[in-house]
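Student: The lines below spell out each chain.
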Amino acid sequence: MNVLGFNLFGELHGIRGGVHPDDRKSLAAGQPIEDLPLPGLLHIPLQQHIGAAANPVVQRRQQVRKGEVIAHAQGAVSAPIHAPTSGRIVGLGLYPANHPSGLNVRTITLQPDGEDRWHPDIRGVEDPFALEPAEVAKRVAAAGIVGMGGATFPSAVKLNLRNRYSLHTLVINGAECEPYLTCDDRLMREHTAQVLDGVRIMAHALGVSRIIIGIEGNKPEALAAMREAAAEHAEVSVVKLPTRYPMGSEKHLVQTLTGKETPARGLTADIGVVVHNPATAFAVHEALRLGRPLISRVVTVTGQAVAQPKNLRVPIGTRVQALVDHCGGFSEEPAKLISGGPMMGQPLAELRVPIMKGSNGVLALTPAETGQRAPAPCIRCASCVGACPCGLVPLTMAAHVRTGDLDGAVDQGLMDCIGCGSCAYVCPAHIPLVQFFNHAKGELAARGRAKQKQTETKRLAEARTARIEAQKQAKRAAMAKRKAEQAAQKAKEQAKEQAAAKADHVEAAEAN
Amino acid sequence: MALVMLALVPATLFGLSQFGWPAIFLFTVTLGATLGFEALSLAAAGKPVRLTLMDGSALLTGWLLALTLPPWAPWWIGVVGGALAVLLGKQVFGGIGQNLFNPAMVARVALLISFPLEMTRWVAPAPLFTGDAPGFFEGLTITFGGQTLDALGFDAMSGASILGHVRTELGQGEVLNAALTGVFDPFSALLGTVPGSLGETSALLIALGGLWLIYKGVIDWRIPAALLGTVAVLATGMHLIDPGHYAGAPYHLLTGSIMLAAFFIATDPVTSPVSRAGQLVFGAGVGLLVYVIRTWGGYPEGVAFAVLLMNAATPMLDHYLKPRIYGRDRRGQPLEYPQPEATAATAKPGEGRQ
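In the order they appear, the protein sequences are chains H and G. For the first sequence, my numbering assigns the number 1 to the initial residue and increments by one for each residue that follows. For the second sequence, my numbering assigns the number 1001 to the initial residue and increments by one for each residue that follows.
Honestly, the hints are just simulated from the structure, not real lab data. We treat Cβ as the ideally placed atom computed from N, Cα and C, and that holds for glycine. Any given hint might turn out to be false.
[To be verified] Where chain G lies over chain H, by a calculated footprint (3+ residues, C-beta under 8 Å): (1) 266-277; (2) 392-401.
[Claimed, not checked] With a straight-line cut-off of 20 Å between C-alpha atoms, the simulated SDA-like cross-links for lysine to any residue are: (3) K1047(G) x I431(H); (4) K496(H) x Q486(H); (5) K1047(G) x P377(H); (6) K475(H) x A487(H); (7) K1216(G) x C381(H); (8) K1047(G) x A376(H).
Generate coordinates for the entire structure from the input sequences, incorporating the hints supplied.
Tutor: See the structure below:
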């Protein structure tokens, strides 16, 4: 039964495409969240979120307390960064990023003192629901909370969407559709009340009256726990989602739950819905109730190459190596290391890169698990067409990208691709379709930046020419003026001389 | 491709047993020739020969071509057909996945136009090891001997295919029933104990193989369903209008190579559209053309022509019948919500409840 686009009885709306990968969640799903001991050093990158990098406000050798701001947010879309523990700042420099490139990025290095002392100003509020929505968003922003499903978009910006859109529903994305990952599952099972509290605080901040928590059917314990906890709140419904990748894609999730399709290039807010992740909700709970900023997160360390897969609560800035060591190291040489899930995660360049706010998983896969094989020619079998949740024709797009015709690929809908990788997953010829598209998007972005730079350079060059021209003209004008003045002076002097001469003459004549 | 060939095995074995040694020889020669020409062209293009042959596409092409040849045709039909299929139908476009037209159908049509006599000489089935069947050496003579069947004393064996017979009779002013009498028996057409090519005879075994492929998810149901459905609807409709002149659906569905086309030829992914809508239109188009050519065209059977014509339309179908992109309308414009969300949100939640 459908009322104003909402399903009253948990009735779901179909979406097209998608795939059913073996979820491999059983490796880590049974492991309770464990605290990772404080490592010897923390490497905290300044860019852990979408938007402008944070600006460091600490000095080398400065003592900081747990939860103290060490870098301020810069600009409207940014997030501050806090000290994950008490200790001494030992470095403000460059360190390899948790990014496939492994390039160095600006990083604050903190040496924990082992005392783990909170900053004295860390204080929560009694009743977050008594706060103005704007005040809640302000506190979420101050806590440095970003979307913890991996997108790392500053959460406060999303909470402030109520100023520009008329919102009615908050959707909590508990799909966790990526295979292997179990961190949201564990969080919902072990910290059910806290997650739900965070969810309700966010709904208060958004000013929405309806909350839908969507959880895939492969997490029955999380479903049961959330259902039980939500029973006393009429505005919250917990819905079992079909287990299908990419159910956790924001726009597809919203369509499944509400039947409404987000317009292309738009936001779910266009149809009155905002989506947040359970881990984000947990962070919001901690920020509002306890005043604690986002300084740690749950990370799933799994894969068949990991000796003992685990779910760990990790201080931000811990090296991946420390997580792997805590899980008993590798049982065999991994064929592939991934940060995030196997479908959309990024290859890990090395093990010394740090865990960031958006790192939800560390995967070490055996050769058998990766199943990588040499690509064969495309025979247009259209498996990818059937799997694409966005209604694209991946094989045609890939043909355009392959020949370097990026504009052709854009005409085919490249920018509507969400990069979920379902196409590459189903391709019987093992063609890395989504990699083609990600490459093309990167190329287009670089091209856009280059073009912007070019126009900027051109503008500056033109301004310079104009300036020089103006100076020249001013000089010429001044010269002309001076000349005219000189000429006038000369004429005057001549006239004077003539007059004098005449006078002399007259005088002489008179004298005669 | 291995599964497709597996699905063809029962019908092929049945056909080979029906038409005996000459059919076995022709089948072998056609497959050998196709593989040989594929290997030659791969070597000439500097591509890995063995690896590419292992993909099975050339073998399948040869197999499908052999299934559409008259079973007692001379050996060189198989060789020329193999060459046409691989060279003209596939490799000139750049090899696997690049060809516009179904290679087997390219070869079949080229053969039909070039050698009409050899390509239309059908024989009645003479199952292996029965009295009328040619033995091994006789079979060798038929396939490789270079003499006509009449000269070999197998005159009695030759006969027109059902479609050919009926067309001739109708052309001579006979009414349909008379033309069909003694020739078309739905049951034997279903089983395949009738004259025709290897793959034309047993509609049942071909269809079973095809249904198995759909069940296994190797082919999609859309093209076969649209193709057979269109033919069935057209045939039934025309039969109702004038039963004396137009045969009904069973006749059209059980004779000729319509089943082979529906499940194994029109479903070739390389030469058919990629979108679901495109596949439906493609299948319906083949069905329509088959019916039109059979009923009003110059040839008794129109499957090969119909498939090739729709192959030519495939790029256009792919262009116009793309799936709808998420968040966009059919024309590619972002979706718009005429009613502002504000009104929807402030409306009373009780409204619209049924």
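Student: Next, verify each hint and record whether it holds.
Tutor: Hint check results:
{"no.": "1", "hint": "266-277", "in the structure": "holds (count 4)"}
{"no.": "2", "hint": "392-401", "in the structure": "holds (count 4)"}
{"no.": "3", "hint": "K1047(G) x I431(H)", "in the structure": "holds, 19 Å"}
{"no.": "4", "hint": "K496(H) x Q486(H)", "in the structure": "holds, 15 Å"}
{"no.": "5", "hint": "K1047(G) x P377(H)", "in the structure": "holds, 13 Å"}
{"no.": "6", "hint": "K475(H) x A487(H)", "in the structure": "holds, 18 Å"}
{"no.": "7", "hint": "K1216(G) x C381(H)", "in the structure": "holds, 14 Å"}
{"no.": "8", "hint": "K1047(G) x A376(H)", "in the structure": "holds, 13 Å"}
Checked against the numbered hints given earlier, this structure breaks none of them.
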